[in-house]
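Those sequence lines, one after another, are chains F and B.
Take the first sequence: its letters are residues 1 to 134, numbered as in UniProt numbering.
Take the second sequence: its letters are residues 1 to 267, numbered as in UniProt numbering.
Treat the hints as calculated values from the structure; they're not laboratory data.
Since we're looking at a predicted model, the values are computed, not measured.
Even glycine gets a Cβ: it sits at the ideal position worked out from N, Cα and C.
Just to be clear, a hint being listed does not mean it is correct.
What the hints assert, rightly or not - Residues on chain B that point at chain F, a partial pick, calculated with CB under 8 Å: (1) V11; (2) R77; (3) Q187; (4) N189; (5) V221; (6) V225.
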Amino acid sequence: MHEMSIAVAVVEQVEEAAARLADGTGAAPSARSVHLEVGELAGVVADALAFSFDLACTGTVLEGAALTTETVPGRARCARCARDWPTGMPPRLSCPGCDGAATELLAGRELRITEVRWAEAEQRRPVATLPEEQ
Amino acid sequence: MCKVTDLRQSVLARNDRGAQELREELAARGTVMVNLLSSPGSGKTALLESELGLARLRGVPVAALTADLATENDANRLARSGAPVRQVLTDGLCHLESAMVRSHVDSWLPEGTHLLFVENVGNLVCPASYDLGESLRVVLASVTEGEDKPLKYPTAFGLAHLVLVTKYDIAGAVGFDEPAFLAAVAQVNPGVEVVRTSSRDGDGAGVLLERALAVHAGAAVHRPVMARTAVQHGHAHEHGHEHGHAHSHEHPHEGAAGHTRSVDHTH
Chain F
1 MHEMSIAVAV VEQVEEAAAR LADGTGAAPS ARSVHLEVGE LAGVVADALA
51 FSFDLACTGT VLEGAALTTE TVPGRARCAR CARDWPTGMP PRLSCPGCDG
101 AATELLAGRE LRITEVRWAE AEQRRPVATL PEEQ
Chain B
1 MCKVTDLRQS VLARNDRGAQ ELREELAARG TVMVNLLSSP GSGKTALLES
51 ELGLARLRGV PVAALTADLA TENDANRLAR SGAPVRQVLT DGLCHLESAM
101 VRSHVDSWLP EGTHLLFVEN VGNLVCPASY DLGESLRVVL ASVTEGEDKP
151 LKYPTAFGLA HLVLVTKYDI AGAVGFDEPA FLAAVAQVNP GVEVVRTSSR
201 DGDGAGVLLE RALAVHAGAA VHRPVMARTA VQHGHAHEHG HEHGHAHSHE
251 HPHEGAAGHT RSVDHTH
């Protein structure tokens, strides 16, 4: 079960974001909720992650924070015949039309923190926007 | 309203950055890393014993890291080949991460090693998500495991550059349905090469070594569909930071992470 390692990685990154927010003021805010995108093909079990997340948050600025996860369905496209299809699970990654292997994965492997909401504060402030990945 | 940080950050960014840096450093040292994944008992150690022995016979400088939750049994077996071998004990962790491999590379890997084989923890779930810095990812499945294994563990098989069928000598006895297995592999990883091996009768011996040496010589590896993400973000999310703090200086890797395709470890 690597969900514990995933949860610890989430906590570390949110702690880093909290430390950036604390720059100059000294007080790191505590997180109220963390939102994740989890692709259908990411190999992560949401329930196991939720269980691990609570443990990983103990004693950190995330203590008591809620984890919300959004499942991103797998989707693929054939570069040869230009059709796209839901990959399903287990995924079908050869083209259902031409049976070719010129497939690109459009979505489904996401494992990404999209948003953190902090406990205190007044207004919406997108602060530490980082380059998007995957 | 509460304060919100729009983070858009890959959860495994740190591991993936570490893996990419390690891959580049190894390339500069002339070393190619091979990551071997399978379920427990599929025959990773037996196969590796044979390949390390062949490498030694041919004068190819190879080394191996072998990971287990406990015991040094595998390192002792592999060391009989005469190659430098180190046991990685994960203390219960179900997979290797790039930082764990990095510490061994820094402290132990002999200079001039052409191929570093990493025998991952026997597990087809967790290790699949962690890029270690390998240039060749090999997934093994023994004939006793069931033809639908690639469908049950699509991330592992879907990201493989090479699939090895092991214990092929008993395929008939256990009724291995090879066409069904090949169809399952093709469904999750179309185009990947599948090779039959048997450590007992020598079938396929040396194939892994040859494929790894080809990568060392610069040959292109298979690009699994799962590693071919079509998303072209173009780094459009590097907007300015409202607070003007020295974010990019304090966290030099965060910016770089956006340019690293965390799922694509093919080169």
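> Can you list which hints this structure breaks, lowest number first?
Replying inline: 2, 5
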